[in-house]
Structures are given as C-alpha cells and as structure tokens.
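Chain Z is fixed; fit chain W onto it per the hints.
Protein chains: 2
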Amino acid sequence: MPKRPRILVCNDDGIDAPGIAALVKEMRRLGEVTVVAPHQQQSAVGHAITMNSPLRVRKYYKHGRFFGHAVSGTPADCVKIAVRAILKRRPDLVVSGVNHGSNTAISIIYSGTVSAATEGTILGIPSIAVSLTTYAPADFSVAAQFARRIASTVLRRGLPEGTLLNVNVPPLPARRIKGSRITRQGKAIWNDTFDARRDPANKEYYWLTGGLQNVDRDLVYDEAAVRAGYISVSPIQYDLTDLAMMEVMKRWPGLGRQTRVKRRPGAPTRRAKRYPRA
Amino acid sequence: MPKRPRILVCNDDGIDAPGIAALVKEMRRLGEVTVVAPHQQQSAVGHAITMNSPLRVRKYYKHGRFFGHAVSGTPADCVKIAVRAILKRRPDLVVSGVNHGSNTAISIIYSGTVSAATEGTILGIPSIAVSLTTYAPADFSVAAQFARRIASTVLRRGLPEGTLLNVNVPPLPARRIKGSRITRQGKAIWNDTFDARRDPANKEYYWLTGGLQNVDRDLVYDEAAVRAGYISVSPIQYDLTDLAMMEVMKRWPGLGRQTRVKRRPGAPTRRAKRYPRA
Chain Z
43 MPKRPRILVC
53 NDDGIDAPGI
63 AALVKEMRRL
73 GEVTVVAPHQ
83 QQSAVGHAIT
93 MNSPLRVRKY
103 YKHGRFFGHA
113 VSGTPADCVK
123 IAVRAILKRR
133 PDLVVSGVNH
143 GSNTAISIIY
153 SGTVSAATEG
163 TILGIPSIAV
173 SLTTYAPADF
183 SVAAQFARRI
193 ASTVLRRGLP
203 EGTLLNVNVP
213 PLPARRIKGS
223 RITRQGKAIW
233 NDTFDARRDP
243 ANKEYYWLTG
253 GLQNVDRDLV
263 YDEAAVRAGY
273 ISVSPIQYDL
283 TDLAMMEVMK
293 RWPGLGRQTR
303 VKRRPGAPTR
313 RAKRYPRA
Chain W
43 MPKRPRILVC
53 NDDGIDAPGI
63 AALVKEMRRL
73 GEVTVVAPHQ
83 QQSAVGHAIT
93 MNSPLRVRKY
103 YKHGRFFGHA
113 VSGTPADCVK
123 IAVRAILKRR
133 PDLVVSGVNH
143 GSNTAISIIY
153 SGTVSAATEG
163 TILGIPSIAV
173 SLTTYAPADF
183 SVAAQFARRI
193 ASTVLRRGLP
203 EGTLLNVNVP
213 PLPARRIKGS
223 RITRQGKAIW
233 NDTFDARRDP
243 ANKEYYWLTG
253 GLQNVDRDLV
263 YDEAAVRAGY
273 ISVSPIQYDL
283 TDLAMMEVMK
293 RWPGLGRQTR
303 VKRRPGAPTR
313 RAKRYPRA
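Chains Z and W, in that order, give the protein sequences.
Quick note, the first sequence lines up with residues 43 to 320 if you use our numbering.
Quick note, the second sequence lines up with residues 43 to 320 if you use our numbering.
Chain Z with its partners taken away, still in its complex shape (with noise of 0.2 Å):
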C-alpha cells in the first residue's frame, strides 16, 4: 500500500450530499484525497457519459473551505475528467458513494454509483462503490467507515484487472450489523409501474414508481444478505459476454464461426433483398 495514497472520491447524489462527507471523512484518514463528483443528483444515469455538450467543471466550497471540483455531468464523466484532466496524478484508488439508496440485483445496471467505481476500473484503477441500502434519512458513518476498512484492504491486495466491488450497507447502528458477506448480484428486479396523470392543461404524463420483486432469500446475493443485517460485498466486472450462449449459437444456421452471408444462387449481385428470410 502507498504510504500516502491518492484517493479519488466521487458519487452520483451531487457534491453537496451529506453521504459523500462521510465518505471524504473516513477516506481523507487512509490519504490523499480528492473530490470530483457532480453538481446535480445523478441518480439512475446508469453508465451515461456526456458526449453531444460541453463539461463545466467548478470548485465546491463547503464551509469556506475548498471541497472538491463539482462536474456539469454524469458519474461516469466525473471520474472521466478527473483521471484524465483534472488530477496531476493518476488516483491509486477510486471510491463511490456513499450513495443514499441501495444497489443490489438488478439496480446495479441503472446506478451511476456503480458506474463511477467502473469508470474507475475501465481506467485500470482499483475501485469501489458504496451504497447504504435506504432511502429514509440515515447516518451515513457506519458505511463509510466500513468504506474505509475495505478501501484499505484493496490498496493492500489490488484487484484483479476489470474488476471492481459493489459494497452495500444495511442501515443499522453498528453493533446490530450481523458482519459482512462476499456475494453476488441478486436475480430480483423493478416490478416497474407506470403513475399516469394529467397536468393543468389536462395532458398525460407518466412517473415511474415500482419496488424490487422476487428477491432471492439465499444469502450468497446480495439484496439477501443485507435484508438480513448484512454487509453485502460483491466482486462485479463489465464482460458481458455470455460464453455458454456463444457455443450454442454455434450450431444456429448461418451463424457459425465459418459462415459466409450466402448470395441466393441467381440472385442479382446489388438488389437490396440480400438477406433472404430464414
């Protein structure tokens, strides 16, 4: 571990919430640290980088004090513009969060908490994203410090190249914490509801409401684990390849590693119907 590490704190609720001053806290006792998160909630941005308008990037006071750089964009940006124009020199740890709400199972995918710390990987940097699993107002000290414990082991161990860990914590006064567990994404997902209303001129508009359904009770995933008292750890990476599927494609027609796209025999060389209906 560096003796003094260069840490790189983001999150995607904005600079200005109070779960990434816990995390600054505990983080600013392991090293050097240095805050580029966004200046506006992010939430649910998944893995968006802003590509078709400018960044403005601009310092945060906080008490009168220098804070951090606040980002006219997404997580994933923040850590972008950190690593690659900001910071003078490269983080030896990237650390999300702590975000207000929970990212288990199938949230991971819409998180911008999570797709910071896999920004930060992408990047070749170790990195972690941390989440406390309410919405309720809560004391974000426990998560953070729990942060910190496993901020401190990865700059021991590393981790492997591609991936990253997905920490969430229970909101429980420490000592009724059951302990922490290595798991894995949950199966459940957002039974998505649509709120249909109408505005003042009597126009239709919708908000997207729903909960988690069909979480897991085993406690190996993660959603589980933390309904049970637990701090849930999971080791996730960004191949999304399905491996198996790709042996069984092998045997679809017209698909094999050797197929060539077969010109009907006959068939004129430039019509457009070149692809005949299998």
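Mixed in with the good hints, there may be bad ones.
If chains are identical, the list can't say which one is meant, so a pair holds when it fits in one copy or spans any two.
[To be verified] Straight-line alpha carbon distances no greater than 20 Å define the calculated SDA-like cross-link-like pairs of lysine to any residue that follow: (1) K101 / R131; (2) K104 / Q82; (3) K229 / M287; (4) K229 / D281.
Note that these hints are calculated values from the structure, not bench results.
Same frame as chain Z, now just chain W:
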C-alpha cells in the same frame, strides 16, 4: 414462432432517425410492429432511467401516417413504458436500432441502443440490439435486412433467460460483407481526451473526445470482426458477478462468509469508530 409476432422497436438516436425507419420497414415484413422511441437523440446514456421527472408520450407522425410513440426519456424508459403502459399485449420480441455508430467492446456499457434491448431482456422478452459501425452518412438497409434475419431466428429459437444479442454490422454493401461471426465483447477501451476551450466570457469548458484504443485482433472479438468485414453477433447478459473473485475474496481477512464485524475488545458499544483501521 408466432404466426404474426408482435415486435417492439426502439432506438437511441431518436424516433426520427433513418436507422429506425430502415429497421421498422424490415420488421413489418416479420410481424406487427409498434415503435416506442425517444423523441430526442439519447446516445451514450447508458442504462439510464428517468425517475426524478415525469415522462411524456406523444404520437409521432411521418409523411402524415402514424409511425410510433415518442417518449421524453431514455431508451430504457421507452421499453419499460411500452411494455408496462402503452402496449395492450406483451411483445414477442424487442429490436433496438439500427444505431448510427458502433456498439462494440467497452462501448456496450455506454450504449443506449444496447440498454433498450437489455431492458427488454430484463422484462423477459427476447431482445436484439443492432448497430451500423460508422458515424458517416450511411445506408441502413443491409443492417436492417440482417436484423430481420436474426430476428426471425430468435423468434423461432428463443433466447435463454437473461441473454440478449448485440449485433454490429460493418458499413459495407452486402456483397462485400464476408459473413457473420459469433463474437465476444472486445477488450478495447476509449482513449478519452478532454478538449479544453474558453467560452466568450473566458470561462473554461471541456469536450469529451477520443477513439478506441488497444483493439483486439482476434476475430472472436466484436470490434475485430466488424473491422475485418464480418457482421458481429455477441450474446451478452447482465449478471455482472465476478464468480472467480468471490472465491479469492474468501481468503481476505474479515470478509469470509461466516465473518462477523468484530468489536474491538473493550471498545464502548456505541462509539462511531466501530471498524478499526485494517
């Protein structure tokens, strides 16, 4: 295959893009098509969903004929609201595209096109994302024809739960396409650079730019295959768990499956410093 399958078509370039028009034309030869697509371009939105503002849906007409539903949201929003609120019956297939630009290698995780197909898969519907790998003005007809061919195969054979297909078509006339290949997600990442400029008020702003770097040469990877003139078909999935790393982490101190968060001997019960510095 259902006699007249119901096909939901979405994209991320916006409902007025030429790529979706080409796709709709081909899909109408296969079944009953409903278009639900963003009313504005949504590139690189990742798997964003809209939770903090309401969604609007309006009917979109083309040459005086109803073409589809335009949604004030992301590609993932479109598929969610189509299946949960707009469509009377569940679609048999979701096809997203034809995207104007490549969705290979790391770009998959930034892709709105792929996120629409992923959302279909999450909702239990076989889904396909289709992209044409050029940013130059292009003819989408070859890509759309291949989309129909693979859609037809998927309607007959189905896809495993949780698996979608990510198709990338090189911008070549049909006769010059060498065939199709079953591929995996490439390892190439973006060499991001930030182009710093000054606005008329002399304030700095940044444009994200760059290109893919470290492109694999092995044709088993998506980007390599399209560069060599093949249509790339990758089966992908969204369980991000790194199973191998779960095993490694069982040997990490304080993180084993049975490990409880330890209280330091003699430490008071309610103090904040519950997690000693590792």
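Do the hints match the structure? See the list:
1. Taking the shortest alpha-carbon separations for K101 and R131, only the intra-copy value of 19 Å comes in at or below 20 Å, while the best inter-copy value is 51 Å.
2. When the C-alpha separation of K104 and Q82 is checked against a cutoff of 20 Å, the pair qualifies only within one copy, where the shortest distance is 15 Å, while the shortest distance between copies is 37 Å.
3. Taking CA atoms no more than 20 Å apart as the test, K229 paired with M287 passes in both settings, with 19 Å inside one copy and 19 Å between copies.
4. Taking CA atoms no more than 20 Å apart as the test, K229 paired with D281 passes in both settings, with 18 Å inside one copy and 8 Å between copies.
The structure agrees with every numbered hint stated previously.
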